[in-house]
Amino acid sequence: MKRRLLDILACPICKHHPLELRVFEEKEEIDEGILLCTGCGRWYPIIESIPHMLPDDLRDRKEDANFLLKWKRLIPDAVLKEGKP
Amino acid sequence: MGGGKKEGLDEGERREVMEAFDRIAQNFHHTRRTPWPSLKEIGDCRGRRVLDLGAGTGRNARRIAEWGASVVVAADTSVEMLKVLRKNTNKERMERIHPVRCDALYLPFVPSSFDRVAFIATIHHIPKRENREVAMREVARVTADGGTVVATAWVLFQRRFLRQAPKLIMRKVRGGEVGDTYVSWGKDAQRFYHLFTLGELKGTVEASGLSIMKAYGERISSRVLPENWVVVAQKRG
Numbered sequence: 001m002k003r004r005l006l007d008i009l010a011c012p013i014c015k016h017h018p019l020e021l022r023v024f025e026e027k028e029e030i031d032e033g034i035l036l037c038t039g040c041g042r043w044y045p046i047i048e049s050i051p052h053m054l055p056d057d058l059r060d061r062k063e064d065a066n067f068l069l070k071w072k073r074l075i076p077d078a079v080l081k082e083g084k085p
Numbered sequence: 001m002g003g004g005k006k007e008g009l010d011e012g013e014r015r016e017v018m019e020a021f022d023r024i025a026q027n028f029h030h031t032r033r034t035p036w037p038s039l040k041e042i043g044d045c046r047g048r049r050v051l052d053l054g055a056g057t058g059r060n061a062r063r064i065a066e067w068g069a070s071v072v073v074a075a076d077t078s079v080e081m082l083k084v085l086r087k088n089t090n091k092e093r094m095e096r097i098h099p100v101r102c103d104a105l106y107l108p109f110v111p112s113s114f115d116r117v118a119f120i121a122t123i124h125h126i127p128k129r130e131n132r133e134v135a136m137r138e139v140a141r142v143t144a145d146g147g148t149v150v151a152t153a154w155v156l157f158q159r160r161f162l163r164q165a166p167k168l169i170m171r172k173v174r175g176g177e178v179g180d181t182y183v184s185w186g187k188d189a190q191r192f193y194h195l196f197t198l199g200e201l202k203g204t205v206e207a208s209g210l211s212i213m214k215a216y217g218e219r220i221s222s223r224v225l226p227e228n229w230v231v232v233a234q235k236r237g
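Residue numbers (my numbering), protein chains in the order written: chain A, 1 to 85; chain B, 1 to 237.
Watch out, some of these pointers could steer you wrong.
[To be verified] Cross-link-like lysine-lysine pairs, in silico, DSSO-like; alpha carbons within 30 angstroms at most: (1) A:K84 with A:K27; (2) B:K87 with A:K2; (3) A:K2 with B:K128; (4) A:K2 with B:K91; (5) A:K27 with B:K91.
I should point out that these hints are in silico values taken from the structure, not numbers from a laboratory.
Produce the entire structure from the sequences given, and follow the hints as far as they go.
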């Protein structure tokens, strides 16, 4: 994901903008990271440089859990404890 | 809109569509390379921000980037499709193409983000009328005033489905909607389609608040009956 995409990205559910970006890995683009919605508390993973902005019902619990586990150290506590969904 | 997860928004079926496209992504690219002729209806893209909604493996997004768009967001629910898109697009074009995994019913963009929206051969993969209307309203929301939207969908009464016609009409009796069907991709996947009448596509566009500029049937390989309905609309400020 390129940083300038943040100019138009909003939370798909509550439409809050801007989203907060935490970068875990960055080369030419942001390869891995997380987008946080301070409006509703949801989080969205950036995996292999693609932001995954799905609504709750299309998300995959297992994928979400694996992502959180992989980056546990770098993810804010608030997401791990209270992050939605 | 949004939020309401229960009525109308059938989770199972939308997930089914997403997963079917994940399964066929590798193969899809080989047979779906040329952009749709109706893409040109989108107009001058130079310096514009363009959304390609239902981008698949990028047949339209790559062309839009060639036409000089400053930003092309390639949106799809299927992440496998987007990975194939990236793999098959050169670096120079990828500078301007931004893949985003998202759902047409819940677009993750601020209002008026785009000057142009290509909603091509996508709306017919959304189960349920109400969902299709939500998606079109989302398209209208993210389109800037004066912006152009091109929406296309498969035609209900076209040659390849004529034999199925009675079944398609009877679908309603069995809990679906007139025009609902599945089209297989080899042995790999059954993909949901809702086949449209022109009136229905126009109605969906009008209900979103967009103004229709042009609406017609597009023939691809058939000589008589059109395969696609094309609606070109504008957002009036």
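To see whether the hints hold, each was checked on the structure:
no.	hint	verdict
1	A:K84 with A:K27	holds, 28 angstroms
2	B:K87 with A:K2	holds, 16 angstroms
3	A:K2 with B:K128	violated, 34 angstroms
4	A:K2 with B:K91	holds, 13 angstroms
5	A:K27 with B:K91	holds, 14 angstroms
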